[in-house]
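Undergrad: This is what each chain is made of:
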Amino acid sequence: MDVIGRSILRKESQDKVTGRARYTHDHHSNTMLSGKVVISPYGHAKIVKIDTIEARNMPGVKAILAGEEFPLTGEDIRDRPPLAVDKVRYHGEAIALVIADTPGQAKKAADRIKVQYELLPVVHSPTQAFQKDAPMVHERLGEYIKEKHTTPVPGTNIATHIKIRKGNMEKGWTESVTTVEADFSFPPSDHVAMETRCSIAEILPDGTIKIMTSSQAPFMVKQLIAKYFNEDIGKIIVETPFVGGAFGGKASVQLEILAYLGSKAVGGLPVKILNSREEDILMSPCHIGLDAKIKFGADHLGIIKVAEIRYLWDSGAYSDKAIDLTRAGAVDCTGPYNIENLWCDSYCMYTNHPYPAPFRGFSHSELSFAIERTMDLLAQKLQIDPLELRYRNAIMKGHTTPTRVLLNQSNVGDLQKCIVRLKELISWDEGQVKEMNNRLVRVKGISCSWKTSTIDPNAPSGVILTFNRDGSINLMSGVIEIGTGTKTVLAQILAERLKMNVDNIHVKMEVDTQTTPEHWKTVASRGIYMAGRALLEAAEDVINQLREIASIVLRAPKEDLEIADSRVFLRDNPLMGLHFQDICYGYQYPNGNSIGGQIIGTGNFIMRHLTHLDPETGAGKPGPEWTVAAYGVEIEFDRRDFTYQLVKAATVVDIGTVLNKKAALGQVMGAMSMGLAFAGRETFYFDQLGRVLNPQLRTYRPLHYGENPEYLVDFVHTPDLEAPYGARGVGEHGLLGMPGALGNALSVAAGVSLHHLPLIPELIWKTKEAKS
Amino acid sequence: MKSQIIELYVNGDLRTVTVRSADTLLYAIRGKLGLTGAKPGCLNGDCGACTVNVDDWPMKSCLMLAVEAIGKNITTIEGLKKTPIQQAFVDNFAFQCGYCTPGFIMNCHSLIHQHPDADDKTIKEWLGSNICRCTGYAEIEKAVKTVLENQ
Chain A
1403 MDVIGRSILR KESQDKVTGR ARYTHDHHSN TMLSGKVVIS PYGHAKIVKI DTIEARNMPG
1463 VKAILAGEEF PLTGEDIRDR PPLAVDKVRY HGEAIALVIA DTPGQAKKAA DRIKVQYELL
1523 PVVHSPTQAF QKDAPMVHER LGEYIKEKHT TPVPGTNIAT HIKIRKGNME KGWTESVTTV
1583 EADFSFPPSD HVAMETRCSI AEILPDGTIK IMTSSQAPFM VKQLIAKYFN EDIGKIIVET
1643 PFVGGAFGGK ASVQLEILAY LGSKAVGGLP VKILNSREED ILMSPCHIGL DAKIKFGADH
1703 LGIIKVAEIR YLWDSGAYSD KAIDLTRAGA VDCTGPYNIE NLWCDSYCMY TNHPYPAPFR
1763 GFSHSELSFA IERTMDLLAQ KLQIDPLELR YRNAIMKGHT TPTRVLLNQS NVGDLQKCIV
1823 RLKELISWDE GQVKEMNNRL VRVKGISCSW KTSTIDPNAP SGVILTFNRD GSINLMSGVI
1883 EIGTGTKTVL AQILAERLKM NVDNIHVKME VDTQTTPEHW KTVASRGIYM AGRALLEAAE
1943 DVINQLREIA SIVLRAPKED LEIADSRVFL RDNPLMGLHF QDICYGYQYP NGNSIGGQII
2003 GTGNFIMRHL THLDPETGAG KPGPEWTVAA YGVEIEFDRR DFTYQLVKAA TVVDIGTVLN
2063 KKAALGQVMG AMSMGLAFAG RETFYFDQLG RVLNPQLRTY RPLHYGENPE YLVDFVHTPD
2123 LEAPYGARGV GEHGLLGMPG ALGNALSVAA GVSLHHLPLI PELIWKTKEA KS
Chain B
28 MKSQIIELYV NGDLRTVTVR SADTLLYAIR GKLGLTGAKP GCLNGDCGAC TVNVDDWPMK
88 SCLMLAVEAI GKNITTIEGL KKTPIQQAFV DNFAFQCGYC TPGFIMNCHS LIHQHPDADD
148 KTIKEWLGSN ICRCTGYAEI EKAVKTVLEN Q
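Chain order of the listed sequences is A and B.
Residues in the first sequence are numbered from 1403 upward in steps of one, following the numbering used here.
Residues in the second sequence are numbered from 28 upward in steps of one, following the numbering used here.
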C-alpha cells in the first residue's frame, strides 16, 4: 500500500492557516438581515404575555415572530415548538425572533420585548422526572406525532423506553458469588465547538429555499424542513461550507428552522442568525446527562454472570435526538464485556434542562463511566487486578452483544490485545500507586470501551467522480469537513485504488444538497466506512470506463489492461498505453473523429442487514461493527487540597487499519482531551429555577493549552472485512474511556468511591466528608 | 448611535472605515474590511479565536474598540505570508476544524517575535489564552517549538 497509512497533509491546509477557509458566518452580503432570538430566563414557566409593541417600533426592525403556533418539530417525537407558545420548558428556550437590518438593531429590539411568566415547578433530574408525583414537562405527550418505534408513556415524563432482555437472570444470580451495585450521575454539559452555530436562509421568488448552515447534517436539514413545513423537498437547497467543530452538536436541526421562519416573515429576504456563545450553550442542544444504576453478579474468578442496568437519560425539555441516544446506550449497555444474562431498561426522561444533541461517542462515554467505575468496584471486592478483570471478561468473537448480534473475526476488534498493549504502554506492572511525598501521590486508572454506530438502517452515502482534462479527478462526497480530515482520507483511498498521485485528486470541501450526492449525516465515526465504500464503487465505475475506451483505442481486450500512475496500459507491455488525459474526455483520432466523453464515476452505499430492535427484548442488529479500546490515565493527586494534575493519558484502540497516521493520532488525542475535560471539569451548574449559571467560556472552562496530559496512543490492527482497507471508525473512541479511567484513578488516590461528574476537587472533598 | 469615518492601518494598508463608537475591532475588520480570518468565538475575551496583532503584540480583537485601533499597526492572519509558523501548523497537523487556527497562529507569531527563546512556562502563559477544541494541544506545542528551535 502506497498512500494508505501515510500522513498526507490535509487538502484544505493552506486555506486554514491563511484565514481563507470560510465558515457560514464568513458569508455575508449587504442585503442580509440579522435575526436575534429572545430566550427564556427560566427552566419551567407559563408564558402569560408577550409584549412586542415597543420592539416593533425600534429602528431597523423588519419583523418579529412571537406567540405564533408553528408546526411542532422533533426527530422521533414532534414535541418541540420552534418558538415557545404556552410555556417554556428550559432555560434558553427560544420564545421570540426579531429580524432587523443589522445585528445591533436586532439585539436592541430583542431587549425591548417584554415577557410575563408564571413560574412552574422544575424537574431537576431524570431521577426526579421518573418519580410518580413529578411535575409534567409535556402534559399532551399522548397527542404528539411520533415515529413507529418510539414508545412515549403519556401521563409520565418518559419519552421512550428501550428494553434489553437476554438470557436467564435467575440463573445468573445463582451462579454469582459476589455482587456489586452502585449509582452514578452527572448533569448535562456542552460541546463548545469553537464556531458557534450559524444559519442563513432565503426564499427565492420561485419558492426555492436556500439555507447555508454550520451543520453536520445538511441533508437532514433539507429532509426535516420539507417534512415539518410541508415544503417541496426538491426546492430546498442546503449549503455547508467548512464547519468550525461540531462533536455531534451540529447534527441536530434547530437554528435552520428559525432562519427559515425568519426569512419567510420578511418576504424571503436572506436572514442570518448567529448564536452568541451564551445562546449556543443555552438555547442550542447540549451534551446529555445521565443517572445510572448498575448491578453486577460475578463468580469467584470475576467472570460476570449477570447484570441489571437502569439508565435514565436526561432528555431535557425535548426528545429530539435523545430517543436515539437512549437506544444507543441500551444496545451497548454492558460496556465491552460478555454478559449472558442481562436486564437493561434505558429510559429517555423529560426534564427542565436544555435538550441534548448527539455528543462525540453517542451515549458511550456516559455509560462507560458507570460501567467502568462498577468494574473497578468489582475488582476491589474480589481483590483481582482491575486490568486482569477486564481481560477475563472482554467480549470477543463467538460471544453475542446485548441485542444478540453474534460477533465474528470481522465485526469486533480485539479488546484483549488492546489491554495487553495498554499494560506495556502505561507500565502497569510498576504498580497503580506511586507515593511522591506525604502530600502527593501518582495514581493510574484504567478503563475499556466499545462502540457500534446505531445509525438509521437505510442511511445512504454517495460519491461522484469527474475528470478534468489533464486527467486529474474531482471527488464529491456529502461528508462534511468538520475537522476530522475525512475528505483528505477519501482522496487517499481513491489514490490507493487507482494507484495514482494523491495530488492529482481534487476534493470538493463544501457540500450543497443539490449537486453533492447525499451522505446521511457526518456522524458516528461512519464517514470513511460509508463514503469510502461508495467511493470504491465509484472508482470501479471509473476504472471500467477507462478500460472500455482504452480497449478500443489500443485494440486490446479490457481484461488485458492495467491502471497505474494515471495511465491505462497493457499488462504485459506497460509501454503501450494511454494517459488518462488522452481518454478521460473521450478519445480523438488523428482525423478528428472522436469517441466517448467526460468520464463520470458514481457509487453509493447503504448499510447491510441492520434492523430495528425488538420492542420487548431489544434483539436486533443496530450497527455494523464494534470498535474496542483500552485506556489509562495517570494523575498526580494532592491529598491536602484534593487538587490534581493530569500527568499522562493513554489509549489503545483497535483501528483495523491506519489510513492517515497523523490524522488518526490527532483524532484520538483530541477526543481524549475532550473526554478528560468532560470528566474533570465541564458541567452545567443549575439553580433552583433550572437556570444554567455558567453559560460562558470563563465559567464553563474547556481544557486550555498546557493543562493537557502527555498523550500515549497506540493501535491494534484487526481489520473490518467490510470496511475500506479494513479501517474501523476512530473519530470518537479516544473520548469514551476517559471519564471511567479518570474516575478510577481519583477514587484510588482519594480513597473514596466517586460516582459523579465532573471530578472537581470540591466533589472529592464532599464525598470524603460525607464518608467520614 | 452615530457613525464616524476612521482610518485603520491594517496589514500594511491604510483603510477607511465607517464605524460606530461601540463597534469592536473584530466587527470592523470582519464586517467592514471583509477580513474574516479573525473569528468570533465568545466576544468576551475567553477563547482567543479573534486574536490579531496590534503593534506586534497579540490582541483579542473582540476586546478592543475599532476607534482604539486608530494609529496602531494591525496585522491579521491575512497579513501573514508564508511564515514558518503557518507551515509548522500544516506539517504538524496542528489544526482540525481550523476555526481557532488564525487566532492561535497570530498568538504564536507574536510569541516567536517577542520571545525567540521562550521556555515552556512562557509558551504556556501565552498560548493558555486561546482555546482549541479539536486537538489535544500536543500538535500545537510541536508546531510552535519547531519554529522556536529552527530560529
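A few of these clues could be false.
To be verified - Straight-line C-alpha distance at most 25 Å; calculated BS3-like pairs for lysine-lysine:
1) A:Lys-2050 / B:Lys-151
2) B:Lys-29 / A:Lys-1510
3) B:Lys-169 / A:Lys-2050
4) A:Lys-2170 / A:Lys-1697
5) B:Lys-169 / A:Lys-2064
6) A:Lys-2063 / A:Lys-1819
7) A:Lys-1783 / A:Lys-2173
8) A:Lys-1629 / A:Lys-1550
9) A:Lys-1666 / A:Lys-1901
10) A:Lys-1509 / A:Lys-1451
11) B:Lys-148 / A:Lys-2063
12) A:Lys-1666 / A:Lys-1612
13) A:Lys-1565 / A:Lys-1548
14) A:Lys-1509 / B:Lys-109
15) A:Lys-2168 / A:Lys-1695
16) A:Lys-1509 / B:Lys-169
17) A:Lys-2064 / B:Lys-172
18) A:Lys-2050 / B:Lys-148
19) A:Lys-1695 / A:Lys-1783
20) B:Lys-59 / A:Lys-2064
21) B:Lys-148 / B:Lys-172
22) A:Lys-1629 / A:Lys-1666
23) A:Lys-1510 / B:Lys-148
24) B:Lys-169 / A:Lys-2063
25) A:Lys-1451 / A:Lys-1573
26) A:Lys-1836 / A:Lys-2170
27) B:Lys-108 / B:Lys-59
28) B:Lys-109 / B:Lys-29
29) A:Lys-1825 / A:Lys-1799
30) A:Lys-1836 / A:Lys-1612
31) A:Lys-1548 / A:Lys-1451
32) B:Lys-151 / A:Lys-2064
33) A:Lys-1695 / A:Lys-2050
34) A:Lys-1910 / A:Lys-2064
35) A:Lys-1697 / A:Lys-1516
36) A:Lys-1836 / A:Lys-1825
37) B:Lys-109 / A:Lys-1910
38) A:Lys-2173 / A:Lys-1695
39) B:Lys-29 / A:Lys-2050
Rather than coming from a laboratory, the hints here were simulated on the basis of the structure.
Just so you know, these numbers come straight off a predicted model, no measurement behind them.
Undergrad: Now tell me, hint by hint, if it's right for this structure.
TA: Hints versus structure:
1. A:Lys-2050 / B:Lys-151: Roughly 18 Å separates the two Cα atoms, so the pair holds.
2. B:Lys-29 / A:Lys-1510: Since the Cα atoms of B:Lys-29 and A:Lys-1510 sit roughly 15 Å apart, the hinted pair holds (cutoff 25 Å).
3. B:Lys-169 / A:Lys-2050: Since the Cα atoms of B:Lys-169 and A:Lys-2050 sit roughly 17 Å apart, the hinted pair holds (cutoff 25 Å).
4. A:Lys-2170 / A:Lys-1697: The given pair, whose Cα atoms are some 23 Å apart, holds under the 25 Å limit.
5. B:Lys-169 / A:Lys-2064: OK: B:Lys-169 and A:Lys-2064 at ~13 Å, within 25 Å.
6. A:Lys-2063 / A:Lys-1819: The hint holds at about 20 Å.
7. A:Lys-1783 / A:Lys-2173: Holds, at roughly 18 Å.
8. A:Lys-1629 / A:Lys-1550: 16 Å, holds
9. A:Lys-1666 / A:Lys-1901: The given pair, whose Cα atoms are some 50 Å apart, is violated under the 25 Å limit.
10. A:Lys-1509 / A:Lys-1451: This hinted pair holds, its Cα atoms lying about 20 Å apart.
11. B:Lys-148 / A:Lys-2063: Roughly 30 Å between the alpha carbons, so the hint for B:Lys-148 and A:Lys-2063 is violated.
12. A:Lys-1666 / A:Lys-1612: 12 Å, holds
13. A:Lys-1565 / A:Lys-1548: 19 Å, holds
14. A:Lys-1509 / B:Lys-109: Between A:Lys-1509 and B:Lys-109 the Cα gap is close to 39 Å, so the pair fails against 25 Å, i.e. violated.
15. A:Lys-2168 / A:Lys-1695: 21 Å, holds
16. A:Lys-1509 / B:Lys-169: Violated - the C-alpha atoms of B:Lys-169 and A:Lys-1509 are around 42 Å apart, more than 25 Å.
17. A:Lys-2064 / B:Lys-172: Judged against 25 Å, a Cα distance of about 18 Å means the pair holds.
18. A:Lys-2050 / B:Lys-148: Holds, at about 19 Å.
19. A:Lys-1695 / A:Lys-1783: This hinted pair holds, its Cα atoms lying about 18 Å apart.
20. B:Lys-59 / A:Lys-2064: 38 Å, violated
21. B:Lys-148 / B:Lys-172: 12 Å, holds
22. A:Lys-1629 / A:Lys-1666: 16 Å, holds
23. A:Lys-1510 / B:Lys-148: Violated, because 43 Å separates the two Cα atoms, which is more than 25 Å.
24. B:Lys-169 / A:Lys-2063: 16 Å, holds
25. A:Lys-1451 / A:Lys-1573: Given that 25 Å is the threshold and the Cα spacing comes to 60 Å, the pair is violated.
26. A:Lys-1836 / A:Lys-2170: 21 Å, holds
27. B:Lys-108 / B:Lys-59: Status holds; Cα separation ~22 Å.
28. B:Lys-109 / B:Lys-29: Since the Cα atoms of B:Lys-109 and B:Lys-29 sit roughly 40 Å apart, the hinted pair is violated (cutoff 25 Å).
29. A:Lys-1825 / A:Lys-1799: 22 Å, holds
30. A:Lys-1836 / A:Lys-1612: Since the Cα atoms of A:Lys-1836 and A:Lys-1612 sit roughly 60 Å apart, the hinted pair is violated (cutoff 25 Å).
31. A:Lys-1548 / A:Lys-1451: Violated, at about 30 Å.
32. B:Lys-151 / A:Lys-2064: OK: B:Lys-151 and A:Lys-2064 at ~23 Å, within 25 Å.
33. A:Lys-1695 / A:Lys-2050: Cα-Cα ~30 Å, so violated.
34. A:Lys-1910 / A:Lys-2064: Holds - the C-alpha atoms of A:Lys-2064 and A:Lys-1910 are around 22 Å apart, at most 25 Å.
35. A:Lys-1697 / A:Lys-1516: At roughly 50 Å apart (the allowed maximum being 25 Å), A:Lys-1516 and A:Lys-1697 break the hint.
36. A:Lys-1836 / A:Lys-1825: 16 Å, holds
37. B:Lys-109 / A:Lys-1910: 24 Å, holds
38. A:Lys-2173 / A:Lys-1695: 20 Å, holds
39. B:Lys-29 / A:Lys-2050: Not OK: B:Lys-29 and A:Lys-2050 at ~55 Å, beyond 25 Å, violated.
Violated hints for the displayed structure, listed by number in ascending order: 9, 11, 14, 16, 20, 23, 25, 28, 30, 31, 33, 35, 39.
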